[in-house]
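**Student:** Chain residues, written in single-letter form:
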Amino acid sequence: MSDSRDDFIIAIRFALLKKGVKQKFSLSFLILFSISIIFFDKFSIPPVSFVKNIISDIVYRAAVIAVVPGKAIMYVSSQTKKHLTIYSENIALKKEISLLKRDQLDASFLKTENENLKLVLGLEKDQITERDTVTIARVMIDQISPYLKSLLINKGTKHEIIKGMTVFSKNYLIGTVIETNYLSSRVLIITDLNSKIPSIIEGTDVNVILAGNGNKNDFTLDYLPEGFVLEPNKIIYTSGKDGFLKAGMPVAETYLNKKNELKIKSLADPQQASIVHIVRGQFKN
Amino acid sequence: MYTFKYLKAFILKSLPIIFLYYLSFSSFESIKEFQNFTVFAFNLHMILIYFYLLKYPDYLGIGHIFLAGLINDVVIGTPLGASSLSFLTMCFFTTYVRNVTLRPKMTAEWFTFIPAIFFSNLIFFLIINNFSNLSYYYIEILSNSFFTFLFFPIFYFFFKSYQSRFKED
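Residue numbers (this note's numbering), protein chains in the order written: chain A, 1 to 285; chain B, 1001 to 1169.
Hints may contain errors.
[Stated by the list, open to error] Between beta-carbon pairs, the in silico distance windows are:
| no. | chain 1 | residue 1 | chain 2 | residue 2 | range |
| --- | --- | --- | --- | --- | --- |
| 1 | B | PHE1157 | A | ARG61 | 28 to 38 Å |
| 2 | B | PHE1166 | A | GLU96 | 55 to 65 Å |
| 3 | B | TYR1022 | A | SER36 | 25 to 35 Å |
[Claimed, not checked] Taking lysine-lysine pairs in the DSS-like style, the calculated list, with each CA pair at most 25 Å apart, reads:
| no. | chain 1 | residue 1 | chain 2 | residue 2 |
| --- | --- | --- | --- | --- |
| 4 | A | LYS196 | A | LYS158 |
| 5 | B | LYS1105 | B | LYS1005 |
| 6 | A | LYS234 | A | LYS246 |
| 7 | A | LYS24 | B | LYS1013 |
| 8 | A | LYS82 | A | LYS95 |
| 9 | A | LYS259 | A | LYS246 |
| 10 | A | LYS246 | A | LYS111 |
| 11 | B | LYS1008 | A | LYS24 |
| 12 | B | LYS1055 | A | LYS24 |
[Stated by the list, open to error] Footprint (simulated), chain B over chain A, 3 or more residues, beta carbon under 8 Å:
| no. | region |
| --- | --- |
| 13 | 25–33 |
| 14 | 96–110 |
Calculated directly from the structure, the hints in this document are not laboratory data. Where is the CB? At the ideal position from N, CA and C, for every residue including glycine.
Model the full assembly from the supplied sequences, consistent with the hints where possible.
**Tutor:** In structure tokens, the structure reads:
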């Protein structure tokens, strides 16, 4: 009994303290070093944060090179898929164009009317204007892991990017800046599990929280009133209740999936974004 | 000619280290392009570390594992040091298993991989829960761990056949 306990202790001590032939550090030293890094990172001590920012910038640039083979494979596969479906897509597009042409006249009339009414009411425009845009950035990597779904962009504090700024792709909201380095930043995608947006449903005065559910393009609605029946093809806008995002920005829409279940999908596709606009939320400053 | 041969041998021998760094930089999880394949997401870092530290510890230094963990944390956005500590926990288990194993068998090594995955993931979750505000689905992590365990034999034979070229060492 005592011998087996001794063997156990010896094996553990050997694993922790003994260095291998080509090992430069012992396991116990590296474990203690990791723990100290975790604590330093948690309490964001200025010199440590500075070093972390430099490391992040270097690692992000290197990561861009590392993902090239993966991106190349994805590109070839998506191009092949596109070529295979080009005929059916062409027919569908022709139909869509004829419908769109019909709607275009109505839309231009409504747009002018809407702009005029907004002028009368003294409201701002919904579109991102050049004045709103702090900077335009390129997406370096789209990072999809079980813990965090984010984008890495090539602009940082040097370009006046700060935490909390909102990020748009093709006029649709795609996320918020959650980490800034000198030359790069991380954007939390709206479909991530950690993303919550105060919203309002089209044609109603129901305030809800549009929460990412971690899936590629889907959302869930939190705090929906009891008995409220959600209908398909409804746009969900930001309500501006958080005091940060502008009210009335279209974010998602409801739809019926193949199984006839009501789902909510993002209007933008954050993972397809390559160029993004970064703005200052409501410009309170 | 001699230099080229030496360089080639050096690169081939360092391939596990290069591969580990590549995985950290590209934060490999699964084949993302095909939606159904994300179901089979697994942690190749763990398999690589477990295999090499168990069978060929001289080919993969723990210093490199520590550094690869830090890079992985920076890329995926988890607290700095979380992956490193998780990988080092895996190293600790692997070294312990290697020390107490008298007759190595693939099946025995496969099953000792379960507690190694369990404890290294446990350390990772504890850090994420206590040192960050990230939320995640436990079921997703559980499925990731399960497929990491399941795919181990495939990579075991793959890595083993690769290492067979260095038998003279």
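**Student:** Which of the listed hints are broken here?
**Tutor:** 4, 5, 9 and 14
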